[in-house]
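Could you put together the complete structure from these sequences and hints?
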Amino acid sequence: MDAQVKNTCAIRYLVAALGALATLLYYVMIFLGNRD
Numbered sequence: 018m019d020a021q022v023k024n025t026c027a028i029r030y031l032v033a034a035l036g037a038l039a040t041l042l043y044y045v046m047i048f049l050g051n052r053d
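When we follow the numbering used here, the leftmost residue of the sequence shown carries the number 18, and every step to the right adds one.
Worth flagging that the hints you see were computed from the coordinates, not collected in a lab. Only a predicted model underlies this, so the values are computations on that prediction, with no experimental measurement involved. Hints may contain errors.
[Claimed, not checked] Label-pair restraints from in silico Cβ distances:
(1) D53 to Q21: 49 to 59 Å
(2) N51 to Q21: 40 to 50 Å
(3) G50 to I28: 24 to 34 Å
(4) T40 to A20: 22 to 32 Å
(5) R52 to M18: 43 to 53 Å
(6) Y30 to R52: 31 to 41 Å
(7) D53 to N24: 37 to 47 Å
Quick reminder that beta carbons are idealized off the backbone N, C-alpha and C, glycines included.
Printed below as a string of structure tokens:
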């Protein structure tokens, strides 16, 4: 595999992971905010 392809895959994976983490945090904040 070529270095360019590896970098592109790594960046896409990081962006996807960050997006999932942001979504998870968003739902955690909603859950904690609505608990009381």
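Of the hints stated earlier, which fail here? none
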